[in-house]
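Taking the hints into account, I'd like the entire structure generated from these sequences.
Protein sequence lines, in the order shown, are assigned to chains A and B.
Residue 334 in numbering that gives the first Met the number 0 is what sits at position 335 of the first sequence, and the numbering runs on without skipping anything.
Residue 403 in numbering that gives the first Met the number 0 is what sits at position 404 of the second sequence, and the numbering runs on without skipping anything.
Bear in mind the hints are in silico, worked out from the structure with no lab data behind them.
For clarity, every value in this text was computed on a predicted model and none was experimentally measured.
Treat the hints with care, as some may be off.
For chains that are exact copies, the list does not tell them apart, and a pair is met inside one copy or across any two.
To be verified - Calculated cross-link-like contacts (lysine to any residue; reagent style SDA-like; alpha-carbon spacing at most 20 Å):
1) 354 <-> 419
2) 431 <-> 220
3) 15 <-> 35
4) 15 <-> 95
5) 228 <-> 167
6) 423 <-> 49
7) 224 <-> 329
Chain residues, written in single-letter form:
2 protein chains.
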Amino acid sequence: MSLLIKNAIIVTMNRKRDIFRGDVFVEDDCITRMGKLDDYTADTIIDAKGQVLLPGFIQSHVHLCQVLFRGMADDLELLDWLKQRIWPLEGSHDEESLYYSALLGCAELLRGGTTSIIDMGTVRHTESIFNAVQQTGIRYLGGKCLMDHGDLPPTMIDSTEKALQESLELYHRWNNYDNGRIRYALCPRFAVSCSDNLLRQTASLAQQYQIPVHTHASENREEIKLVEKERGMHNIIYLDKLGLCNNRLVLAHCIHLYGDEMKILAHKQVNIAHCPSANLKLGSGIAPIPSLLNMGAQVSLGGDGAPCNNNLNMFMEMRLASLIQKPFYGPRSMPAPTVLEMATLGGAKAMGLEKEIGSLEEGKKADMVLINLDGWHTRPQNAASFYSQLVYQAHASDVTATIVNGRLLMQNGHVLTIDEEKLKTAVEASIKRISQRAGLR
Amino acid sequence: MSLLIKNAIIVTMNRKRDIFRGDVFVEDDCITRMGKLDDYTADTIIDAKGQVLLPGFIQSHVHLCQVLFRGMADDLELLDWLKQRIWPLEGSHDEESLYYSALLGCAELLRGGTTSIIDMGTVRHTESIFNAVQQTGIRYLGGKCLMDHGDLPPTMIDSTEKALQESLELYHRWNNYDNGRIRYALCPRFAVSCSDNLLRQTASLAQQYQIPVHTHASENREEIKLVEKERGMHNIIYLDKLGLCNNRLVLAHCIHLYGDEMKILAHKQVNIAHCPSANLKLGSGIAPIPSLLNMGAQVSLGGDGAPCNNNLNMFMEMRLASLIQKPFYGPRSMPAPTVLEMATLGGAKAMGLEKEIGSLEEGKKADMVLINLDGWHTRPQNAASFYSQLVYQAHASDVTATIVNGRLLMQNGHVLTIDEEKLKTAVEASIKRISQRAGLR
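In C-alpha cells, the structure reads:
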C-alpha cells in the first residue's frame with residue numbers, strides 16, 4: 000500500500016528543522032521519499048495544497064478511561080477530585096463503558112491531530128482499552144493502573160500479586176501488537192496509592208523486561224507531603240531510590256520539586272509529561288518547565304484526563320505551555336519552536352520511539368497530520384512563522400487528516416475507524432449506567 | 000423582518016438563569032417572544048435542534064487595527080512590543096490596510112460567536128474602522144486612539160487639540176449610527192502616551208457628552224512605575240483624580256493594583272476588561288480577578304490584540320479566565336457560570352447596554368449565537384452542565400450562527416456580510432505593504 004501527499008508545506012522537525020513545499024511518499028507504514036515527487040503515483044493521493052504537513056502530535060499523558068467523565072468533576076482539587084468523583088467512576092466501569100470511553104478519547108485525539116498517546120489505564124477491564132486502541136489505529140503505550148495501598152474503593156484496589164500478574168498477562172497479550180503500534184507500560188498510579196513493595200517489584204519487572212513505566216509524581220502539595228510522611232523522603236528521591244528514574248520512566252506533572260529532584264530528573268533523562276491545562280484546572284500549580292529545560296530535562300505534553308481539562312487537545316496544551324510560563328520567566332521564555340518540539344520530538348522520546356516517530360524524515364514511520372491554515376484566526380498567512388501559526392493560532396478543528404503508520408485514520412472531521420453514530424449513542428448510555436452505579440446521579 | 004429559532008437549548012443568562020428547550024421569535028432587531036412557539040412562522044426559520052442558543056459574546060477590549068499584525072510580534076514584553084513592532088506597524092497603516100485589518104478582525108470575531116466589541120482604534124484613518132464595522136453588522140463601541148505625549152513615531156502622535164477635534168468629528172459622524180449599533184468612545188491609549196492635559200480634556204468631554212472612555216491601565220510593572228514617576232501617584236488613583244473613574248470607563252487589564260486602587264475600581268463600578276491570554280503572552284502577569292469580583296467589581300473579557308494573543312476568541316478567554324486563577328485562588332475559584340457571566344452580562348455592562356444585550360429576554364436586542372455541542376470534545380452531552388460544556392469544552396469552531404440585531408451575520412462558518420475571497424487576498428497585500436513601510440520586512 001502506498002500514499003502520496005502532494006504540494007504540502009512540510010514542517011519536518013528534522014535536525015535542521017527544514018520547512019519546504021513538496022511531497023511525501025509513503026510505502027506501507029514508512030516515509031520512503033520526500034521532495035518534489037512529480038513523477039510519483041500511489042494507491043492513495045492527497046492534494047494538500049496550502050496545508051501544513053506536520054509530524055503527528057504525541058500526548059505523553061492521557062487517561063482514556065476517564066473520557067466519559069468529562070464535565071463531571073469540575074472545580075475540585077486533586078485528592079478530592081480523585082476520591083469524590085474519579086475513583087468511584089473508574090471503579091464503576093464495566094467492559095463496555097470502558098471500551099466506549101477509550102473509543103471516544105481516541106476519536107477526539109485523532110480528530111485533533113494526535114497520533115500517539117501514553118495512557119494510564121484503570122484497575123479493572125483494561126483489556127477494553129486495548130481493544131479500542133487496536134480498532135482505532137492510534138499509536139499507544141499504556142497499561143493497567145496499579146493500586147494496592149491506601150483508602151480506595153474495593154473496585155479500585157488489587158493485591159500486589161494480582162496487580163502485577165494481570166499486568167504481565169496484558170503485557171504478553173498486547174506488547175508489540177500490530178508490528179509495535181501498541182506497546183505495554185507498567186502503570187503504578189502514584190506513590191500515594193502504591194505500596195513500597197508494589198513499586199519495588201514494578202521497578203524490577205521494568206528492568207527485567209525493559210518495559211517503560213508510566214506514573215504520576217509531585218502534582219499536588221498534599222501528595223508530596225503524604226509521600227514524605229509515609230516513605231520518609233521526597234517523592235522523586237524515593238522513586239529514584241527504587242531504581243525507577245531512567246529514560247524509560249514517564250512521569251506526569253512534576254510541579255512541586257526540590258532542587259535535588261530537578262537535578263535527578265534532568266540527569267537521568269526521565270520523561271516529564273507536562274499537562275498545563277490539568278495542572279491549572281485542579282489548582283495544582285505551574286510546573287517549572289523553563290528551569291527543567293534549561294537543566295537539560297526531557298519534556299513532552301499531555302492533555303491528562305477529560306474531567307480535569309476538559310479537552311484532549313494538543314493545540315490547547317501547546318498554547319498554554321507557552322503562555323503560562325511568560326509571567327514568571329519572561330515573555331521570551333517558551334517560544335513556539337520549543338513548544339512544538341515538546342509536542343512532537345519530546346513525545347517521541349517519552350515513548351522510546353525517537354528513531355521512529357516525532358519528525359518527518361525518510362525511513363521514519365508515517366505518523367503525520369495535515370493542518371489547514373485557511374481560517375480567519377490564522378490570517379494573514381504570510382506574515383507569521385509556521386511555528387507561531389501552529390502554536391499560538393491554530394485549533395484542533397483545523398486538522399484535516401490524521402495518518403498513523405501510513406494509514407488514514409481521520410479525514411475532514413471524520414474518524415474512519417469508528418462507527419460514529421453508534422459511538423454517540425453508546426457514550427450516553429454508558430455514562431448514565433456507570434454514574435448510577437457510582438451513586439453520582 | 001422576522002426570525003424564528005426553533006428547538007434550541009436556550010441558555011438565557013436572565014436573572015433566574017433559566018435554561019430551557021424552546022423557540023425564540025425575533026421581530027426586526029428585538030426578541031419579542033420566547034417559549035414553545037409551535038404556531039409561529041417567520042421570514043427566516045432556523046431549526047436549532049440539539050444546539051445551544053446563547054447571548055452573543057461581548058469582548059470588551061480588542062484592537063481591530065492590529066489584526067493584520069498577527070504573529071509578527073511574538074515573545075516581547077509590553078513596552079518593547081509597542082515600540083519595536085506595534086507602533087511602527089500601526090503608524091504605517093493606510094486607509095485600505097486599516098479597513099481590511101478591521102474586516103479580518105470582524106470576520107474572526109463573528110465566526111467565533113462574538114457579537115459586540117469595545118475597540119481601541121489607532122491614530123490615523125480611524126474612519127476605515129467605522130466603515131468596516133458598519134459593513135459587517137457587528138455591534139461596536141470604540142474610537143480614535145489618542146496619543147500626544149512621549150517618544151512616539153511621528154505618524155502615531157497628535158497635538159492635543161487635533162486628537163480631540165478629530166474625535167469629536169468622528170463622534171458626530173458615527174455615534175448612534177444604525178439605530179445605536181455603532182457608538183463612539185473616547186480612547187486615550189494609556190497614561191504613558193497621554194499628556195495630563197489630554198486626559199483632563201478627555202474626562203471633561205466624556206462628562207459633557209456622556210461618552211464612554213476606553214483605555215488601558217496597570218498592565219505592566221514598568222508602565223505603572225512610569226506613571227507614578229511622571230504624575231506623582233499610582234495609576235488608578237491618577238485616573239480617578241482626573242474624574243475618569245466611573246461606570247462609563249472601560250479599563251483594560253488592571254493587573255498591577257494597590258489595595259486602594261482595587262477599592263476605587265470596585266466602588267466606582269469601573270468596567271475592567273480582563274484579557275487573560277494577552278496578559279500571559281506579554282508576560283504582564285495575572286490580574287487578581289477573584290479578589291476584584293469579591294469586592295464587587297465589574298469584570299468582562301476581551302481578546303485584546305491579535306499580535307499579543309494570537310486569537311480573538313471568547314472560548315479561549317473564558318477557559319483561560321477560569322484556569323489561570325485556580326493555582327492561586329484554589330480550584331473552586333472562577334467556576335464556569337461566573338466566567339460565562341463575564342463573557343455576556345459583564346460585557347453588556349461595559350458597553351453601557353445591560354438593558355439591551357447580554358441575556359436572552361423578551362424585549363432585548365436579538366444578539367445571539369448558536370453553538371453545536373456535537374463534537375467529540377463536547378461529549379458525553381448529558382453528563383456535564385451547559386456552563387461547563389460552554390466554558391471548559393467548546394471551541395469557536397462549534398459556533399454555527401451569529402446574529403446581531405436580529406440579522407444573521409455568520410452561518411455555517413461563513414460571514415455573510417463580507418466578500419470572503421476578496422478579504423483573503425487583500426489582507427496579504429495589505430500586511431506586505433505596511434510591513435515594508437514600517438521597515439519590518
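Structure-based check of all given hints:
In this homomeric assembly, residue 354 and residue 419 never come within 20 Å of each other (Cα to Cα): the closest approach is 34 Å inside a single copy and 43 Å across copies. Neither within a single protomer nor between protomers do residue 431 and residue 220 lie at most 20 Å apart by alpha-carbon distance, with minima of 33 Å and 51 Å respectively. For the homomeric pair residue 15 and residue 35, the shortest alpha-carbon distance inside one copy (19 Å) is at most 20 Å, but the shortest distance between copies (62 Å) is not. In the homo-oligomer, the alpha carbons of residue 15 and residue 95 never lie at most 20 Å apart, since the shortest distance is 46 Å inside one protomer and 39 Å across protomers.
Taking the shortest Cα distances, residue 228 and residue 167 never come within 20 Å of each other, neither inside one copy (31 Å) nor across copies (69 Å). When the C-alpha separation of residue 423 and residue 49 is checked against a cutoff of 20 Å, the pair qualifies only between copies, where the shortest distance is 13 Å, while the shortest distance within a copy is 33 Å. In this assembly of identical chains, the alpha carbons of residue 224 and residue 329 lie at most 20 Å apart only when taken from different copies (18 Å versus 30 Å within one copy).
Of the hints listed earlier, those the structure fails to meet are numbers 1, 2, 4, 5, in rising order.
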